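Here the structure of chain A is known, so what remains is to put chain B in place on it, guided by the hints.
These protein sequence lines are chains A and B, in that order.
Residue numbers for the first sequence follow our numbering, beginning at 1 and rising by one.
Residue numbers for the second sequence follow our numbering, beginning at 597 and rising by one.
Keep in mind the hints are simulated off the structure, nothing from the lab.
A quick note: this is a predicted structure, and the numbers were derived from the prediction, not measured.
The C-beta atom is built at its ideal place from N, Cα and C for all residues, glycine as well.
Wrong hints could be hidden among the right ones.
[To be verified] Residues from chain B that face chain A, not an exhaustive set, calculated with beta carbons under 7 Å: (1) Gly638; (2) Trp639; (3) Leu676; (4) Leu677; (5) Ile685; (6) Glu687; (7) Asn688; (8) Phe806; (9) Ile822; (10) Glu844; (11) Ile845; (12) Leu850; (13) Val851; (14) Leu855.
[Said to hold, decoys possible] Cβ-Cβ distance ranges computed for the label pairs, FRET-style: (15) Met761/B / Gly132/A: 51 to 61 Å; (16) His413/A / Lys858/B: 34 to 44 Å; (17) Arg767/B / Lys291/A: 28 to 38 Å; (18) His413/A / Val635/B: 55 to 65 Å; (19) Ala363/A / Ile838/B: 51 to 61 Å; (20) Leu857/B / Thr372/A: 41 to 51 Å; (21) Thr372/A / Lys858/B: 23 to 33 Å; (22) Tyr27/A / Leu857/B: 42 to 52 Å; (23) Ala530/A / Leu853/B: 51 to 61 Å; (24) His740/B / Ala458/A: 52 to 62 Å; (25) Lys291/A / Pro642/B: 48 to 58 Å; (26) Thr146/A / Ile800/B: 36 to 46 Å; (27) Tyr219/A / His740/B: 54 to 64 Å; (28) Gly826/B / Arg73/A: 51 to 61 Å.
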Amino acid sequence: MDRLGWTALAAAAASIPLLTSNTYYLYVAMSVGLLTIVTAGLNVLVGFTGQTSLGHAGLYAFGAYTAALCATRAGLGEWAAIAAAIVVTSVVGAAVAAAALRVSGPYLAMVTIAFGLIVEGVLIEWGSVTGGPGGIFNIPKPALRTHYWTVMLAAALALWLTAKLRRSAWGRAFLAVKSSEVAAESLGLSSYYVRIAAFTVSAAFTGAAGALFTFLNGYISPDSFTLQTSIVFLLALLFGGLGRIAGPVAGSLALTILPELLTRLLDYRLILYGALLLVSIYWLPEGVIGKLSRGRRGAGYRPSPLPSPQRGEGALGPLPHRGRGPQFEPKGEAVRRGLDSQGALLTAGGVSLSFGGVTALAAVDLAVDRGTVHALIGPNGAGKTSLLNVLSGFYAADAGSIALAGRSIVGLHPYAVARRGIARTFQTAQVFGGLSARENVAVGVAGPRLGTVLGALAGTPGARARESAIQARAQALLDALGLGNVAEEPAEALAAGLRRKLEIARALATGPLLLMLDEPAAGLSPAEIAALDEQLTALRQQGGPAVILVEHHMDLVMAVSDRITVLDYGRVIADGAPDAIRRDRAVIEAYLGGAS
Amino acid sequence: MYGLVALGYHITWATSRTMNFSQGHAVMAGAVVAYTVFVALGWPFPLALVITLAALACYGALVERIAVRPFFLRASPAWLLATIAVGIIAENVAQLTFGKDARAFPSPLMQKPIFVGSAGFYPQELLVPVVGLLLMGMVQLFYHRTSYGKQLKAVAWNPEAAGLMGINIPRAVMASYALSAILAGVAGVLLAPLLNVAPQMGTIIGLKAFAVAIIGGLTSAPGIVIAGLGYGLVETFTAGYISTRAREIVGFGLVILVLVLKPWGLMGDKPSRRV
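So here's chain A without its partners, still in its complex pose (with noise of 0.2 Å):
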């Protein structure tokens, strides 16, 4: 939606409490504003993050519950009531949080069902606190007119702030778990904590609705906390658009209204339901508002066409300098500097791994050193592509060591792996859909280190600096490799050849001491080869990471290579220069058969 649709929407809100003195609409266009709270935080964690929950009513009766108690028993004033209840309903979102996502998809969803029935039944049961079936009444609430600006102040307030959560480092990393958790964590971001922040976040403004809630009835009991009502607040976010800013608005309009419409078939409102999530699903996968705004815009997303090769394409731009805001130094270099550079970087040694029977990797040994491009060869199925997934710890091994300047990495989880300074691309390009270019690289250039969610949602000037800093050096990254002129365009749209080339520069971003190509070159025009040959070959020279390279066509790899290693069924058949592996007669063999 666009400016001027934010306008007219925030004036017919404003007008009308001036055009109506029936309470009637104006309670109707609460609820609206009730509804675009909750939903509003919902699409932080099903629209941004891309886990469902059917448990929110639980933490709206939290917040509502919470603000009811307080205001009745502590006789806390309403602004108190309505702080404590996002208090509590963030500590509990977190909680829930941290059991519910150590699984995903319908196990999720079946635990956020659970923990919903669970408060249902609570709030029933323990009558002394709750007034059980009964509920609350005699809350004291302020003035309908008075509260009619808190709430819409308050919906107001809910859109901009998921509208600047959604552009800050944070808003990229849940997107980026959204799009691919395994890309994620191989950036250094742990897919679990950023999914419980996503839903302590979503679990606060639940909560904050919830009390306002209780300030609009002065009554409150069990019936509004049902599984129904959890359904209604995600079928309004799809409805409306998941994802998108304005969603929850459409959404929690057409939700709110449609059935007030509709009182004389009340007995129909299941089916009304049932139908609308089916249409959605259906016919708006991006929702109303994403069914509009494409409907403007015409085709909606293009593929980008290819740029023309520029001057220099080829080469690597120098690689821009690191020194950019302290924070922003990557941690690889730090660590890089303090040691000598004595020794190999990366040392494995006895790494085995088998799947079920089926023998990847058998003892192999793997020394790469600093400042190396160290190839990784061998026929389909030699186990190399499962050795890189050790190396950065996506599969477990079997048994062996592995040690990274010195330090073990055996058993840490990828995104620790990545953090001590290991960068990965994968054999198919994993680049973070729904995020442009440049902010496929900063999720990389921010790493792990997201500040705090409070600063992202507040905008401090701390959290404003480092926004710049990581933008900067993002665009600085995508000129290095030639995608400056795609930075704005949407990652999926990229062909395949840029697609790998961002995610190189993603990988670059987190400042890696080991970079792990896998098969960079697959799909690419000779030409492009040409152009990542002379790339890898001016990252050695400008002292970048060592780099481990898996690829197929022989010819780069002899060329940029310092050392190959050959395998062949999950055995280290060689090990040398280019040149001797050039010639190894058991590498002859395993790549032209057994014709000795």
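Just chain B, lined up with the frame of chain A:
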């Protein structure tokens, strides 16, 4: 008791890595159809049973066609929401045709309780786990011994390869949904005399069964049956010693506990991660 319904989740999950989140509504549909044919129309029970199961097979196939097939293989969780949507529509339709009130379903096995010591129970209550174990055995045999069952397993393992081997994947998935709905229908008929028949009975049964499926492990049929028995016992004891409401709180609390300790269920396999 919930093991039977939970097995329905396992069957579709094992074939397609999707499931009917509204499995409970299929149970409800089974009970409602059986009530209509057997009690309201007064047809003989065997005929009513056949009609019910046939109707449920169609319902399962319909759910698959509407809510799962468009999203299968797209690794999109949309099927989860779509099956919920179909479920709540089914509930509403049942409300409109059947009425909102719960109705008693007569059964010869509910006339006289048997007493063992001081605890009394109805033969019907005994029938449920017996049939449950029997059906689980049949499902296991079907998967491990028949070629069609093996085909369904192959689809679960690698849909693309199975498709290349000439297995009709959409039909296999649809068959698994029909089978799963039939199990739900059997459960509906068995549970109807114990619980009374009502359109809103589905949600809670479905959720508890899902809880059981998760505790046992979605990929493990024996795990599910054991978890079903265990869950039933825990519920009965909680209801007996604390209160009926606490039953649900304890039950779902148990699910969260299991998920935290063993995220893939007591006997489930951890899905391998693809990089």
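Structure versus earlier hints, numbers of those that do not hold, lowest first: Of the numbered hints given earlier, those the structure breaks are 1, 2, 9, 12, 16, 21 and 28, listed in rising order.
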